[in-house]
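Engineer: Top to bottom, those sequences are chains A and B. For the first sequence, the working numbering assigns the number 1 to the initial residue and increments by one for each residue that follows. For the second sequence, the working numbering assigns the number 1001 to the initial residue and increments by one for each residue that follows.
The hints are simulated quantities; they were obtained by calculation from the structure and are not laboratory data.
Part of the chain A face toward chain B, derived, beta carbon under 8 Å:
{"hint": "1", "residue": "Pro70"}
{"hint": "2", "residue": "Ala115"}
{"hint": "3", "residue": "Val128"}
{"hint": "4", "residue": "Asn129"}
{"hint": "5", "residue": "Gly131"}
{"hint": "6", "residue": "Phe135"}
For each residue, glycine too, the CB sits at the ideal point set by N, CA and C.
Protein chains: 2
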Amino acid sequence: MKIIVIGATGTIGAAVASALAARKHEVVRASRKGEVKVDIDDPATVRALFAAVKNADAVVSCAGNAVFKPFAQLTDADYALCLRSKLMGQVGLARLATDHLNDGGSITLTTGVLAGKPMPGSAAISLVNAGLEGFVRAAALELPRRLRINAVSPPWVKETMVKFGMDPSPGLPAAAVAKAYVAAAEGAMQGEIIEAAKFG
Amino acid sequence: MKIIVIGATGTIGAAVASALAARKHEVVRASRKGEVKVDIDDPATVRALFAAVKNADAVVSCAGNAVFKPFAQLTDADYALCLRSKLMGQVGLARLATDHLNDGGSITLTTGVLAGKPMPGSAAISLVNAGLEGFVRAAALELPRRLRINAVSPPWVKETMVKFGMDPSPGLPAAAVAKAYVAAAEGAMQGEIIEAAKFG
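Here chain A stands alone, though its shape is the one from the complex (with noise of 0.2 Å):
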């Protein structure tokens, strides 16, 4: 399959992309940053990707950010940055890949553990993460062609554990949370928050 890898320099999607490839797919690494260029906080960059790499099978998102901040300190504008980016960017992200992909292609979108389970500082987080998984469960219902969309749910991560400096212990290394999206491409789920612990 033709694969549109979007965060693929991140920690999550660096792995996905590797784990793909290794799969023999044909991955098409997108970023922010790489040389397919692409910010799915604008929407016009994700028309101009769909324009300049066609006839793709399937899309991963492993991007948008959101904010862990104290209930108390979030601003109107941490909102703003969280809706935008990580919800409808990815949103908006499976409206067009609906129109482009390939019949029976995939859409993969990534959510997280705060969804459901909420910490302190995860307001904003859990509202993102949330609102993506309703969306992908009703989106299912009604996706043309055969096209097939879900959600992965990583846990901590341990490289990012180590990254923020954290007790990596009781997180999943990045390679592991990538079997669940390669799950997700590979396989016949439909509208699922697929738990990438389950991988590890």
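With chain A held as given, fit chain B onto it using these hints.
Structural biologist: Just chain B now, with coordinates in the frame of chain A:
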């Protein structure tokens, strides 16, 4: 208790205001059209409401618009309206209520059954409702001054089904749905999604 009901002229809001008044609470009926004016889509009007109505113990939101439309027909403007109104209108209300309610006060928002049980046409509404639920679960972990936040999830309401020309037999009367809001305002729940169908 002194309780502000927002959307008090709507089907559910009017039933909630009546039910709270029958329980001897002091009810402030606020809406876009009534005597006490507020439009949750416009944060300035919410700020004005809390400036005008001081020392409230609870606020109940039965307000917020969202668009039910086939996935392929949902426009950028439809999603923007849903985010601005039912989602961020209620999130913004909760954030301002946190600053203005009396200690131990209660915030009750409105989600809906489509959050977890989508149907064709509900992609935008399912996104909004699920996002609200994620927000409520997370914000509940951090509210100051013993404040509480919950969301009521109404099923299809009998009066609404009649209005839309649907068979109302599977619907729950608004008066039964209102019991869930009374329970949220008077009870001790925190961060819960309250299924109104259980109050039928």
